[in-house]
Amino acid sequence: MTSRSSLNLKLAFSILAAFLLSMAFSWFLHDRLSERDAYALIDSTFENVQDELADCIDERLVLVCMAARERLEDGYPDDTESLRNLARELRVTEVSIADEKGDIVRSSVDDYLARPGRPAFNFAATDDTVANEMMGLVDGRYTEYCQPFRSNPANDNWRKFIGVWRHDGGFFEIGCDAKALQSLARSTCVDLFRNWHVAGTGGIVVTTPSGLVLSDYEEPNREGTQFQEPDGSVFYWKRKEIESFPVYVMIPKGSAAVQRNVLVGSTALLNGAALVFVALLVAVVISAFVRQQIRAQEAKELKMATDIQLSALPKVFPPFPDETRFDIWASMETAKEVGGDFYDFYFIGQDRVLFLVADVSGKGVPAAMFMMRAKTLLKSAAQTGKPVVQVFEEVNNALSEGNSSCTFVTAWAGEMNTRTGHVTFVNAGHNPPVVLRSGKPELLKSRPSLALGAMPEIHYRVGELQLEPGDGIYLYTDGIVEQPNKSDELYGEDRMLRVLSDPERRGKDILDAVLEDVRRYAAEVEQADDCTQLLIRYRGEPDVVSHEYLPTMEDLARATDDVAAALESVPAKAKNKLLIAADEIFANIVRYSGATRWALFVVLTHHPEGVRLIMSDDGKPFDPLIHRDPDTTLSAAERDVGGLGIFIVKKTMSPVTYRRRNGKNILSIGKDYGD
Amino acid sequence: MEIKTTTDGTRLTIAVSGRVDTVTAPELAAALNFGDATCVVIDLADVPYMSSAGLRLLLSSHKTMIGKGGELQIANAQEAVREVLDITGFSDILNLV
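Chains A and B, in that order, are what the protein sequence lines are.
The numbers in the numbering used here rise by one with no breaks, and the one at position 236 of the first sequence is 241.
The numbers in the numbering used here rise by one with no breaks, and the one at position 58 of the second sequence is 1259.
Read the hints as simulated data drawn from the structure, not as lab findings.
Check before you lean on any hint, since a few could be wrong.
Said to hold, decoys possible - Restricting the straight-line Cα-Cα distance to at most 20 Å, the calculated cross-link-like pairs of lysine to aspartate or glutamate (DMTMM-like) are: (1) A:Lys513 x A:Asp636; (2) B:Lys1264 x A:Asp636; (3) A:Lys656 x B:Asp1287; (4) A:Lys245 x A:Asp493; (5) A:Lys656 x B:Glu1280; (6) B:Lys1269 x A:Glu643; (7) A:Lys655 x B:Glu1280; (8) A:Lys184 x A:Glu64; (9) B:Lys1264 x B:Asp1293; (10) A:Lys656 x B:Asp1293.
Since the model is a prediction, treat every value here as computed from it, not as a measurement.
Produce the entire structure from the sequences given, and follow the hints as far as they go.
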């Protein structure tokens, strides 16, 4: 889990870093963009200011020019000196009169006039296209014409010329240098751009060449004060001289940055939301993945533990098909987290069978491993043929040695003499088993010894009991009796005993019935622990009849009669089946085995009543169980009767076992048909 | 084993009494002589059980009668016989009445 939270932390950190990086980049990008946009706006503003300012100045100067023309038309003299006086009076720099051909015929400036060897300045003839335009006053295109303030190409003097047409066909022109322009147009400029804002809080400032404010967008009252050039760290700004007036267009950086801030802000918001969403998604996906991995790992371990536990247990029933003196059944239902239960049974000598149920403390893989060890130790100790008590003492010492985990195992083991039904048993801290006498269940209470593996050098108490034919012993683990229901009450021994007392149930059905009763009791509550059961029933000594035959049809007929006689007491339904099966086997032996002699054992078993027919022959090896079954779905024409006999035997008899021993085929077929 | 044969025109009834197994099958085989009968009834009312040796005879008789355009009926099969016929799929092939 630590690795998972540090993974989450790293993930969160990288997401945050990526977020900040992208925001910084976005900020930088939008900063550049807003600066570029600001200067583009300043440039386009200058174009408008140029038009507006020029228009106002032109309007003012045209009035001055028209006033001068009026004076001349009213008879003001037009000699050079008079024109100079007129210029001074009008506060313009120069005054000229051109005729309809464009020649300057009168002027306050001598240089423009014709002199010997040099013609007068002619507006039509000059290369200066701006000057050429003045001819529009002659040909009627204009009634007035204003040149921009510029450096005159003729003499490099900075001038602004304004012309108005004259009734006699020529035109009248005044020229203003910067000083004249300033004095004439200054009042026009005052507050001209007062309400003209640029980019919200930016604007235009017009000053005199000496820096006195004429028009200020911000503080109209500042007119006449000295203007300080804007601070480049606060403003984007540019200065241009328009018509001799210095003009500043300025945009506060804060104002220009509004758009950037809005953009970056909204991007941050969107990116942030997206990142949070992605982070949550990733966190959910990753944690789901990790959880799934953990679950899979746990499931794998659980399955491994279950596999270990189940793989070790004998699962084929009946485990000893030829055995006619006792029956044994066992089952284990593992809990979700396995509890280390096991059962086992094996012969430990002629006529001695050992059977046990055990429960390892703890759960899961460790319990399963310990269970394996305990089971193996028990079996290897038992198979030396020692009495069960000695087996327990040896195994206890082996398990106690170096048992640092303090895992132990409770076990109940019995050793039954299959001829007599006599049982000796040892109880190492296990639940008391149930003895079934004449179908009546009774708990076999005995003082238990200590569980195996708890402490070395323990002496185990031995118990004894005598089973009569038909009696049984039922072993179980606490998974059965300690299964809780939803009120947290345990299933208990009484309920178990009630199921065991039902006389209708036999063998495996008893185990199934108990398990089902436990499940019904638990209802929706999950199985708490492994539920393990084992039932052994002593059937008593069977009645055996044996005969020997030769492989002839005569002996086959004799054998048929012998079987019929031996089965006299068997109910007709079972008897007919047994007789059919016997005939099939006899026919096989006599016709096909190549045997020189064969034998029949008719074994009548008890508790429940049953029959085993055991046939042995010294013919060639033949295992009927591995023969392929005939196809019973073919039509009459396709059918033949080969293999049908064996097929009938397999279908009607249980158990059917085959062994090859001492050069003989030994086939055992049987049927239990009652109590 | 006892075998009683009665003829009613082209209808031949063969009533078997006793078990049919490897020992008795040859005796029954000898009795399964259908002559010109077009309908043969094998009555198993008194047969307590029958092994595959008997099934063999029933199948071959069935094939014979079908071969000559006639009919074979198996009548009154008892429980043990019936069960063997069912297990082996012969119930689906033979004409049980």
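Each hint, compared with the structure:
A distance of roughly 32 Å separates the Cα atoms of Lys513 (chain A) and Asp636 (chain A); the hinted pair therefore is violated under the 20 Å criterion. Taking the CA atoms of Lys1264 (chain B) and Asp636 (chain A), the gap is about 18 Å. The hint holds against a cut of 20 Å. Proximity of Lys656 (chain A) to Asp1287 (chain B) is assessed by CA-CA distance (about 11 Å); at most 20 Å being required, the pair is judged to hold. Distance check on the hinted pair: Lys245 (chain A) and Asp493 (chain A) sit about 95 Å apart at the alpha-carbon level, beyond 20 Å; violated.
Taking the CA atoms of Lys656 (chain A) and Glu1280 (chain B), the gap is near 16 Å; set against the 20 Å cutoff, the hint holds. Of the supplied pair hints, the one linking Lys1269 (chain B) and Glu643 (chain A) holds, its CA atoms being roughly 17 Å apart against a limit of 20 Å. A C-alpha spacing of about 18 Å is found between Lys655 (chain A) and Glu1280 (chain B), which places the hinted pair at or below 20 Å, so the restraint holds. Simply put, Lys184 (chain A) and Glu64 (chain A) have alpha-carbon atoms about 18 Å apart, close enough for the 20 Å limit, and the pair holds.
This hinted pair checks out: Lys1264 (chain B) and Asp1293 (chain B) have alpha carbons roughly 14 Å apart, not beyond 20 Å. Our distance criterion of 20 Å between C-alpha atoms is met by Lys656 (chain A) and Asp1293 (chain B), whose separation comes to about 18 Å.
Against the hints set out earlier in the document, violations occur for numbers 1 and 4.
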